[in-house]
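Given chain A, work out where chain B should sit, using these hints.
Number of protein chains: 2
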Amino acid sequence: MPLDPKDALRAWFLGPRGENAELLERLVVEALRDHVFWRRNYHPEDGFTIRETDKRQEGYEASVAVLTQELLSLLAELKRDVPFFSGRYKGHMIAEQTIASQIGYFATMLYNPNNIAAEISPITTRLEMEVASDLARMIGYDPARSWGHLTSGGTVANFEALWLARSVRYLPVAAAGAAAEVGLELEVGLPDGSKAPLTELRLWDLLNIPGEASLDLWELLQRSAGVAEARRALASHSLASIGYQEYSRRLALDYGDPLPAGVVLVAATAHYSWEKIVRALGIGSNQLVQVPLDSCFRMDPDALWDCVRELVRHRQPVLACVSVCGTTEESAVDRLDRVIEVRDRAASELGASFHIHSDACYGGYAAAVTRKADGDRRKGDEIRRSTGGAWPDDDWIRAIASLAGADSVSIDPHKMGYVPYSAGAILVRDGRTRLLVAAEPPYLAPADSSQPEVEPFLGRYILEGSKPGAAAAAVWLSHKAIPLDERGYGYLIEKTMAGGRRLHAELGRADLAPFQVVLLPVPDLNIVCYVVRHPSQTTLAALNAFSERVFGELSLARKEGPPDYIVTRTRLQSPMYDGAIGPLLATLGVCSLDEWKASGSEGLVVLRSTVMDPFLDPPGPGPDHVTGYLTALRKACSAALSPPHPSASPPVPRR
Amino acid sequence: MPLDPKDALRAWFLGPRGENAELLERLVVEALRDHVFWRRNYHPEDGFTIRETDKRQEGYEASVAVLTQELLSLLAELKRDVPFFSGRYKGHMIAEQTIASQIGYFATMLYNPNNIAAEISPITTRLEMEVASDLARMIGYDPARSWGHLTSGGTVANFEALWLARSVRYLPVAAAGAAAEVGLELEVGLPDGSKAPLTELRLWDLLNIPGEASLDLWELLQRSAGVAEARRALASHSLASIGYQEYSRRLALDYGDPLPAGVVLVAATAHYSWEKIVRALGIGSNQLVQVPLDSCFRMDPDALWDCVRELVRHRQPVLACVSVCGTTEESAVDRLDRVIEVRDRAASELGASFHIHSDACYGGYAAAVTRKADGDRRKGDEIRRSTGGAWPDDDWIRAIASLAGADSVSIDPHKMGYVPYSAGAILVRDGRTRLLVAAEPPYLAPADSSQPEVEPFLGRYILEGSKPGAAAAAVWLSHKAIPLDERGYGYLIEKTMAGGRRLHAELGRADLAPFQVVLLPVPDLNIVCYVVRHPSQTTLAALNAFSERVFGELSLARKEGPPDYIVTRTRLQSPMYDGAIGPLLATLGVCSLDEWKASGSEGLVVLRSTVMDPFLDPPGPGPDHVTGYLTALRKACSAALSPPHPSASPPVPRR
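Just so you know, the protein sequences line up as chains A and B, in that order. Counting along the first sequence from 1, when you hit position 559 you're at 565 in the working numbering, and nothing is skipped either side. Counting along the second sequence from 1, when you hit position 600 you're at 606 in the working numbering, and nothing is skipped either side.
Remember, identical chains collapse to one label, so a pair may be satisfied in a single copy or spanning two.
Quick list of in silico lysine to aspartate or glutamate cross-link-like pairs, EDC-like style, CA-CA up to 16 Å: (1) K12 to E67; (2) K378 to D140; (3) K61 to D10; (4) K378 to E388; (5) K85 to E36; (6) K201 to D222; (7) K603 to D584; (8) K12 to D60; (9) K85 to D40; (10) K12 to E64; (11) K565 to E554; (12) K12 to E492.
It is worth saying that the hints were derived from the structure and are not from the lab.
Excised from the complex, chain A in its bound form:
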């Protein structure tokens, strides 16, 4: 049977009305009973530990009563939760989940495997490795050379990326120390492609060895000195062992060359968690250098080049450059192809190199749009024929295809993968990287694995320890039911992108007089941001206060009860948004760019709607949620303009 995604789409989710409830219930009951009979078939001679007479004891019954009652209370409370499933929810990047992931999670949770090690998760560790390969293939990594795994979320994935990047960056310094200690003369590859003896390199050179050359050097050292000896010698020179305090002191001593601290370049739109990450890693938030944006809210590649050149001039090493594929505020997709060009140029013109990480936590799944069923890439025209418009343009396709050129990519199944929390993922292009952070716990010493393709002990290489095999099964089953190409996720994401563009277009056309809608550019993915202004607002502060009131009217926490539509908002601040906000401010006309810059943390509040609903364009058979959205917005603006006297409208009890 052909899997026409147009029709299949309607089988992928429980549905805004629970239309597929019968399907989900059938699968849930099937999985539960299947599990129960597994238990019953395991050594049936063991008999029953809990007998029917036990179930008639007062204490048993009391316990069941307590549990049932408390569950009913929980269910009652959850009715005040956020209706992510509805076309009326146009807030954060969260929606309902695929049935496949729900049932995959539930079925496997009953077994509760722990993917820290295959010994206690023989099946789901393999599924996790398969998921990593699925994602690797989708973004263009070679699954045989790359490596990846699931994390509890994007922050941990990004944390690991930078932790790994630092390990690779500082590796040549440790290798130089180790080689000298064991009396070896080794050569290493330089950014310009030439080779040089380790002993001739200064600290600066060592910190600018390309990642792959660093890993080659590491292998060479192990071949030359023997694995055990190489490990011992490396440990006595590595940052991981020595720690920053002693390391800095030692470098200054050994090289007479106390270079400034290494920096991490991030798009100015980068997620706030990058600040947590550099603080926790001991790098320090001062070393987080924000690269200016262009007017599309993407990292400006020219600004990146200027930045790199300046840093090199000051001999300040760059640990990593973090480019974003799908910013969490505007869903902007950095021109990763041009970021990679900057690194290539830095290598040839400046002799400098750095790790490139793509934070594709939000947008990574959009790569499915570029894939055919056979795994080949779709051409731009093919995709545009299917979307029936000008989207995506060739630049977007180039940016997405360039994920294959990043050294590491983080990508969250629990965002655009439509699976339940918690499932993030990290991929590294060169799988050897993971060995640099390996730890060795005594009670999970690797055993002979009867399945050599299975990672026997994932916990060695990752930050986390115990982790749910159920999450791996959820993602795995979702990828099986909804392929990572034009037949599955590609189609789903095309639809939500189309919905986002439709919302953007209709907001632009809408007559909300006396209110004026001022939009951010057409989104690269599916987050629509805008400001609504009334002529009476003539200052930034007044405009922001108004936007906050509009948000309050369209927020689930609204005092008068839930609104018809739910949106959210964000605050664009200086200096992060200096490069992008000009046109917006010019249209709004409440302040100049300089005044906005001077406003500090005041910034500009924008309303923000993520479209994860695949039924927005064309609208489904029910009421059109774009029309409804505009009506609700107009009402909210009016209410926000002249807030009613508190006593005039008695608070409606919340659902």
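Relative to chain A, chain B alone:
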């Protein structure tokens, strides 16, 4: 109805035979339908997006077929998963989960709230705060002053503990810089209880301010300089901003006093993840100082005192001391009361202070044993009347009660809390600590919360971002159904401890001739470790190889098919176990302590069985799993002694 735990216990789990399948299925279906009708009641006027005719399309049906087929494959594969539910599984610290947690997780997963912020998890963020309060009360923290939250697991909880500890430890240094910058003269509390002006303190003194005094100083600075100014000034002097490289340089310059790097003291039994943690934080694994063990596999308090005194003599600051409550290898419970005494003594005699963290990831829930229904502590005699023996002794009770005196405690609901992965937790005694690591994301700016008791934005204070509200609901519902006292978890854990001691005792009594069973001491909790030796083994290497073969015979991955009982093993290495292993080696008689020390990574392999099954003592109505265990062990030892020729026994297909 009285909730007699003896009978209630049989309602808490699905049961080894799925005896409570009817109950779980009823609740699962109830929760699912309840959710579906919530959707259907939300704006019924929206009509149906997925119509019955849509479900008759070929593409829809094909998609359902694919999903069903793939689910059936997954279910078939899962039948090779580990039977954690069975009394025959005596391996890692993992068992089946409470029905309450399973249904709590499933019911809430359908809503998929994200506890990063209350805006997208209005109910479950509150539940998470309630869970943190439950746990705080259980261990003796004041829920009004303390703070805590769930994490993806113990490693992240421990990571956060050390991250927070470092922030508190270095705070006075930043405060001194900030106060000088804004021209304030402030006083701060010293370890001996006196006060001194900040300006008179040397770097060493600043790094030895007690945690609470540091936080008081921080508040004083904010009151004196104003919050915004204090924040700005602190940021320009804090490690989090500056990063280690520049920080070390600056301290050496400002104080002319380049102190050695700060160390982290851990029990030698501490989980291997502590090494990952200090590496990632930039502290460096060389700064992880292992405190020797006593013969009960607990941190030796006298050795701790010697260690602290030596470090102080070398003016090497101690960032934190990590004591373990329930080691993952032996379930040893450190004498935390005596660890705290060491710190008190260090404060008064040496003028030194440090953070005390209890890694109670595994054993923390045992504190429920010490609680009555009204929350008061049970006396030793009361508990022993209920356990009918000498356990627990007063030292154990004092150690558990001392959790209240630790600065932070990590405690995993997904271990002895019997809830599904992933649910760890971190608690800090002084809730102000969290503000030191706060970050500020633009799109989740705190709104007016209509429920002031709810943390509006948890993501500010924690390492992770997106996190499952379902995990919070699972733990919450489990605590409701099974209270954290003698009626609930206390009873459950008493039973598993009794089972552990019974297994230990019967292993000691068992006649496995010609094999000799040599046991580790009676466990503090419920992990039993031992070595089985045959007279023909006269070297450490031979003994270890034999133990590995016995493990192989009792491992699910056994080539001939699954064994009747499943155990695991671990490797006790030098120098970590130098203090504890003497008696064991003496009884084994294959090598001296010095020979063992010289064996390096060879160490001693011990078999290891965690008893999480509450039906082992007294045995349930089925076959006795202690007797069965001993029979299986004897068989495994015989097989391991003379491994059959590979071709002699054709491999049996695995279940």
